[in-house]
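Q: Residue-level listing of the chains:
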Amino acid sequence: MKRLLLIPFTFVMMNWAAVAGLYHAVRGTREIWKSNEMTGTL
Amino acid sequence: MPEVVFWTSLIFVSYVYLGYPLILALWKRIAARPIHKTDFQPKVTLIVAAYNEKANIRRKIQNCMSLDYPRSHLEILVSLDGPTDGTDVLMFKLASQGIHLLYSPNHKGKAAAINSAAEKASGEILVFVDARQTIDRGAIRELVANFADPTIGAASGELVLVDRQSNKEASDGVGLYWRYEKFIRSCESAIHSVIGVTGAIYAIRKELFVPLSEGTILDDVAIPMAVVLAGRRVIFDSSARVFDQVAPRADAEYKRKVRTLSGNFQLLVLMPTLLLPWANPVFFQFYSHKILRLFVPYALVLLYVSNLFLLRNPYVTFLALQTVWYGCALLGYFACNESTGSLFKPKEGRI
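Residue numbers (the working numbering), protein chains in the order written: chain A, 1 to 42; chain B, 1001 to 1351.
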């Protein structure tokens, strides 16, 4: 059941991340632009 | 008016998530380009750009030393970007094992660490890997074999997300999304080039490496897109695999996505040429895969709001389906975040 619920949740999370990403890009949030984590992207 | 908004939004969202993959699948069937992959063993530099990776770096070095690639043709280069957790102390000890070490006392960001490593590298092929994931023993050999084809400028490996509990390939929300994404990438690769590679493992001909702008977030999109703009292909090879575990908490995955999507906006500022159809050979794919997705959340809002003004059949069915969908999303949120309420409010500096 949880696995099924994770599908719409992931969909909404990905899309909300696009809104938050725009917010940080427009604000030029330093931590985002300086890329202080060495994490890869999916 | 609500009907126009409703149908426009529905068609837009359907195109991005269903129409585009369908077009790719048909396109691949009709006009797939071959990749002439043969056994090919040029000198390779394996680059690990690392910041605070004390927990992972020893395992990563052992992993790199056990790869199935002639040691005489494999240079391992670790580029440390001003770590503060003792990664540098650990690496100075490990450096005697034949690892080349580049050390910056100041934290300048991943782009700077990659640039300095690429400048020092002696290999014809640069392979970039992250510190956390485990590289499959034969992955470098598989990845590099693609460069026997002179049209290939860069190659991406496959990141396999493993479920922490079952130790099998993840098939829940993020795992499913990642499989869907890999399907799109495999189609794009067969047609011409992927739009972005897997940050966990990708390779590029050194001669095609263009230094990254300071603060570049998505090296794994900026580097391959520069290769495409230079007229070469960027392909996806699912036989070159690395393994990682799905982020244990959804907020970790969320932060990663915010970074990625913020990086997409940054990329448009850093590489505006990508928006020009006459300059970008994969313009259609770039728009469909990267740009249009940025507008989907707004289309989803319009879809729901316009539906509220259309309370008759068949629209009322759509409204019910949408409501159930978002209700399930909310339940999913509670199911995997029992102890946190901070998912959609990331604190500044933590992303």
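Errors might be hidden in some of the hints.
[To be verified] Computed list of lysine-lysine pairs in DSS-like fashion (alpha-carbon distance at most 27 angstroms, straight line):
hint, chain 1, residue 1, chain 2, residue 2
1, B, Lys1093, A, Lys2
2, B, Lys1054, B, Lys1120
3, B, Lys1093, B, Lys1037
4, A, Lys2, B, Lys1043
5, B, Lys1043, B, Lys1028
6, B, Lys1043, B, Lys1120
Hints listed in this document are in silico derivations from the structure and should not be mistaken for laboratory results.
Q: Taken at face value, is the distance from the CA of lysine 2 of chain A to the CA of lysine 1093 of chain B at most 27 angstroms?
A: Violated: lysine 1093 of chain B and lysine 2 of chain A sit about 45 angstroms apart, past 27 angstroms.
Q: Measure nothing beyond the straight line between the CA atoms of lysine 1054 of chain B and lysine 1120 of chain B; if it is 27 angstroms or shorter, mark the hint as holding.
A: holds (23 angstroms)
Q: Is the straight-line distance between the alpha-carbon of lysine 2 of chain A and that of lysine 1043 of chain B 27 angstroms or less?
A: violated (47 angstroms)
Q: Below or equal to 27 angstroms on CA atoms is what counts here, so check lysine 1043 of chain B against lysine 1028 of chain B.
A: The given pair, whose Cα atoms are some 32 angstroms apart, is violated under the 27 angstroms limit.
Q: CA of lysine 1093 of chain B to CA of lysine 1037 of chain B, is that 27 angstroms or under?
A: violated (38 angstroms)
Q: Are lysine 1043 of chain B and lysine 1120 of chain B close enough, with their CA atoms no more than 27 angstroms apart?
A: Holds - the C-alpha atoms of lysine 1120 of chain B and lysine 1043 of chain B are around 14 angstroms apart, at most 27 angstroms.
This entry does not satisfy hints 1, 3, 4, 5, going by the numbered hints stated previously.
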